[in-house]
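Peer 1: Here's the letter readout for the chains.
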Amino acid sequence: MRIRERLASIAAVEGVVVALVFVAMIIFFSLSSPYFLGSQNLRNLFVESTFTVLLAAGTSYVLIVGGIDLSIGSVLGVSAGLTLLTMQKTNSLPLAIAVGLASGAAIGLLNGGLIAGMGINPFIVTLATLSIFSGGLNVLTTRAQLTGTPSKSFASLAQGSVFGLPSPVLITAIVVILLELVLVLTPFGRRIYAAGINERAAHMAGVNLRRLRPQVYILSGAIAGLAGILLASKLNSVQPGLGSGYELTAIAAAVIGGVGLAGGQGSVWRSVIGALFLATLSQGMQLLSISSTWFTVVTGISIVAAIAFSRMTQRLAAAVRPAPLPPAPTQPEPSPSDDRTPAAAG
Amino acid sequence: MWEIMSSRSTDAALLVDDQDTGPQGSVVLQARGAGKRYPGVIALDDVSISMRRGEIHALLGENGAGKSTLIGILSGITEPDSGEIVIDGTSTKFSNAAQSQSVGITTIHQEQTLAPDLTVLENIFLGRELRRGSLLGRFLLDERAMRKRVEHLVEEFGLTADDLRRPAGTLGALKQHAAQILKALAFDARVVILDEPTSGLADHERMSLFENMRRLRDRGVAILWVTHRLDELFGLADVITVLRDGHHVATVDPATQTPDSLVRLMVGRRRSAVAESSAEARGNRWSGPEEEILRLESVSRAPLVRDVNLVVKRGEVLGIAGIAGAGRTELARIILGADRADKGQISVNGKQVRIRNPRDAYKLGIAIVPEERKTQAVLGDFSLAKNISISDLSRVTRGRMIIDRSAERKLANVYVRDLEVKTSGIQQKIRNLSGGNQQKIVIARCLFTRPALMIFDEPTQGIDVAAKNEVYRLIYEFVDAGGGAIVISSELPELLRVSDRIVVMREGRVAGEVPAGPDQSEDERSDRAEEIMALAVRSSS
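Residue numbers (our numbering), protein chains in the order written: chain A, 1 to 346; chain B, 1001 to 1541.
Only chain B is shown next, with the shape it has when bound in the complex:
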């Protein structure tokens, strides 16, 4: 059933502009001249891409570059206005996702798409269940046959036979990814599209995922891989295609590239200078008194947060590191009042406080940019203006009763301009913005409350390089003006760069503290990174 490509030649990857079918990596899927236009925006303009057997094809581009649209077209979710899809040399059209699946294209989305309450096995065969052969049996599922079909794959992709029986929702992000891969392999996948598979994974989990990708490649599957992390590409991707503003910029061999050259392709020459310089731009640090904004004393909430002590001062960025499940987000939720501490004390500006809900937190000057933007931050049907003002409506309310819409619009415009949000206007619905711009609106919402302390939980999840740098800039501007920030991130380089010091959490406790900051040299940073990893994973005694 699978043809294993033992002698993959890298030549195939080098002949990237050659559309002919090569002997080793024959073209399985092509998009030719694909175009898609939405009201006011050309999402994709005359983009072509070829996918070959046994090839990992990375797709790069900033948010809004057209990656999602291209993926949508290939997976049958989005109908292109122009262009064609060619499979094995024949031109086809997908009018729904099932048609794309039926020719062997599987898409694994950024957000997990497993049904959390069904078992892994049920998820793998969802909608395509195997039935028993007999007349009556056709109404019965043949679990044995389904199990048998994936049995030999299970261990290879890091699952256990036992995991198949567990509800998918009880598995970690990595195992969920593995389950999705099995879902693809159980039905002859020829093309697997991975949409930012590593977001939300810890470093060692990413390594396992990469192993899985290599195994898929060795089985002759073509992989289209969307990622924002350029460091991941090298040594794994065979070809890289870069999109910008809906256009195809280049298809290149990674061997000829560096992270910097890729950034230049992604953002274009005009902006690369800004992107690079703003990386280190942290000019005027806060020079006022370094008062304590937040102090936690033996704060606990069983079982995920235990006996945490920490302090955040004006003008500083406190990073919180730790592997998934270390209790970082849970701690943030306690500070915000979304969950309550079982014991311990929280003081804000030197006064002991009780934060019973987020409303209390906002009143005390604490605001959060939550993780999982789509589910926890964005009010999709609201305009940008309404998304910005929601956390402090008193700023735009006349006589404590009526919302002054023109004042709201004016203020929202100020934030949209200051944060350089790309939009056709503040009356636009937020769900029509790209991820990076949505994140800026969420940050604007926090700034709108004029907070003393901001918590950033995975603030750059799923946004592109340029937008990331802008998020860092906003964090710096906030603390340099006298605010305090807590940044939670699973990406160590990011944390090392953006924080002044880093608290490492492990199993709900503070395992240690490490200095950090933009002034550190590369060597220092890699030492610190090792130190943090050691603190984060060392088994508890």
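Looking at chain A on its own, in the form it has when it is part of the complex:
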């Protein structure tokens, strides 16, 4: 019984289960393949995962506020295309980055405006913008030859290193940490949770949803834009269909990490763990020479397993929790009420 209680109390800590599975997976892969923990492989692993990690981090914001953003894959593609185009035309790195971020933010604003302003369901709005902008990228790639820029500095964005760390990994780490801190520490983050927990109550309590929701979608779009810039720099070429499917991977990562779709619950770091989990899985399977076609199958199984496991631990925790309590420690005291003094409330 004691062991069960222990287990339950450990499992009840948010995100512990996924983290443990993640560690177990790393141990498994490193035992299966001597190359897995090699520095080159780890480097690849982290660089490959940055795009999913970024999108998943943005997705946590959207999911916590109680929405969904399906457009981020196409945002990534469009912003990658526009960044590369700007680079080719102007050869100005700051301008290219600005265009990449701005295009993402602009699509986010469009999403948020339609959702908050016109009250259209976010699934429908972002499904529509997903379609619009993945089509937009196709048009763009037929009009312009989006391959190669002469700029070394642009390439170093995703291919360089700072203090031995691949620069995209560094950029991603900084952005993710900032996002987590903003969510946990700022009034903006607090309001996002409030809106996700109970939209009507948050509204009545003075949370300005007409402003908050667009802000979240703008943020999500801008982060997808950043991922697009990094991807464009890494590939140095943008093809039609770039980024498609990323939105579902990001949502899968968030769900595996334990962010709920109902809103009001989750965090950035949980989504990041989910994204790293998926990236590690993919990398490990490659090393074990398992065909990449199996990857989506395993992703799906992971989603189901993650949900089933969290339900199980919740139930276990709920079943065990009452037992170890001493008999009613916080029961209302019998009669402290004689000294009820009228208190000043203002």
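A few of these clues could be false.
DEER-style ranges, computed between Cβ atoms [as the list claims (entries may be wrong)]:
1) 127(A) <-> 1084(B): 51 to 57 Å
2) 311(A) <-> 1481(B): 57 to 63 Å
3) 300(A) <-> 1356(B): 44 to 50 Å
4) 128(A) <-> 1303(B): 31 to 37 Å
5) 300(A) <-> 1134(B): 39 to 45 Å
6) 1530(B) <-> 311(A): 54 to 60 Å
7) 210(A) <-> 1038(B): 47 to 53 Å
Hints listed in this document are in silico derivations from the structure and should not be mistaken for laboratory results. Even for Gly, the Cβ is constructed at its ideal location relative to N, Cα and C.
Starting from the structure of chain A, add chain B where the hints point.
Peer 2: Same frame as chain A, now just chain B:
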């Protein structure tokens, strides 16, 4: 199918402690020694209750007394830790709601549980639809048969045949209740549990509901009735069981009781004195300048608010009376900026303002305690501290960027202490508190914004007597310190007691104004009450 109890003897009600099966009111359902413990709290401790055929059994108790837990156990939602349920003499266990339903127990909850988009008929038979007999027909619903099954009941319970075809969401609260009753009767209900059925109903609607309860009783159904309104009990309840702090206090015959004696049973001797004295306690009224805080001039929003003029001054409580649909809540939403006025002017502190959303309202010093606490006020997964600070995070923010959690905790603790919220700590999630304590947290949230004007929309809905008095005390303290309050309530006695003057709304307009206040005598109050009812229901010319 129904045995009509023509000669109900009240003796059955008097033999309340007798657990034997009597000839008239045989025991249909019993809970014996039911107990339930939650982390840190004993919700129910060794409680027994017997329900007899054709009996209206009232269940009283403050919030947190264990009524909901007991109902949960009887309706199969909550699994008891100890004790047993006895049906017709055999001990059973419910592990889900369906099992409770299958033995004839129907629970009608405080919050309406009809699917708003389905028709009334579909709702009645939801999950238990009648199908056609033939082989293929088994996939088809037999609407005719379903209709026939409830046809004879429809009119009796105040619905029309036409209502059966309408979506349940388009009906008023009373008709929704009637639909729930039909839902029970269509399937041999033997026990109907009514959880605060009259909250949200206007006076004349309550009367119809009581009629419906009598009809159910005459059909031999046992009714377990939870209510907070003691005045309703007399003449209707046959037996009253009182719970306090999870314990069974007494099962009594209402004929031997008065509202005061019931309050004493509910709150215990220790607190009844406080409860009664605080009722009239309004000592130091605001003595500063009686400046205008809010002024509305011909404010309209079609179709529910039309051409409303009113003024709220410092130090006063303005009551707003009216029957359901008179536009009271809609008016509150306009003042708060949740909805926008089509025309008219709003001035705050003498300055004309535009309130585009609640955020604007809070910045102007207007705060609201909304109706329907669960859906419109409580952020269930947030701690008490987070629920309190959400409307004015700038008070706990350092450098306009970072929330200072320790400052937040300290401030929240001050409010929790001042408002005497019963809790194990401000880190507790609000959804684990009782209704009255949740309401105090919502009031704390408003006070936290240091408002000039507070709007209380049905502030005592679904909370117990003691908590009600504390809410009144908080309203008084707020206005006596120079604030202004608007109180919207469907309970006239409450409005008459708590307000300084009462504006009566009818069909979106201000129909008239009536003075009120705690200084009025009983006679004056009943005159005023009649005056208000007359204004509220008189048909428009």
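Peer 1: Each of the hints needs a verdict: does it hold here or not?
Peer 2: Structure-based check of all given hints:
The hinted range of 51 to 57 Å is satisfied by residue 127(A) and residue 1084(B), whose Cβ atoms lie roughly 53 Å apart. The hinted window of 57 to 63 Å between residue 311(A) and residue 1481(B) is violated, with their beta carbons roughly 49 Å apart. A hinted range of 44 to 50 Å holds for the C-beta pair residue 300(A) and residue 1356(B), which are about 45 Å apart. Taking 31 to 37 Å as the suggested C-beta distance range, the pair residue 128(A) and residue 1303(B) conforms, at roughly 34 Å.
Taken as a hint, the range 39 to 45 Å holds for the pair residue 300(A) and residue 1134(B), whose Cβ atoms sit roughly 42 Å apart. At roughly 57 Å, the beta-carbon separation of residue 1530(B) and residue 311(A) lies within the given 54 to 60 Å, and the hint holds. A hinted range of 47 to 53 Å is violated for the C-beta pair residue 210(A) and residue 1038(B), which are about 39 Å apart.
Checked against the numbered hints given earlier, the structure breaks hints 2 and 7 and satisfies all the rest.
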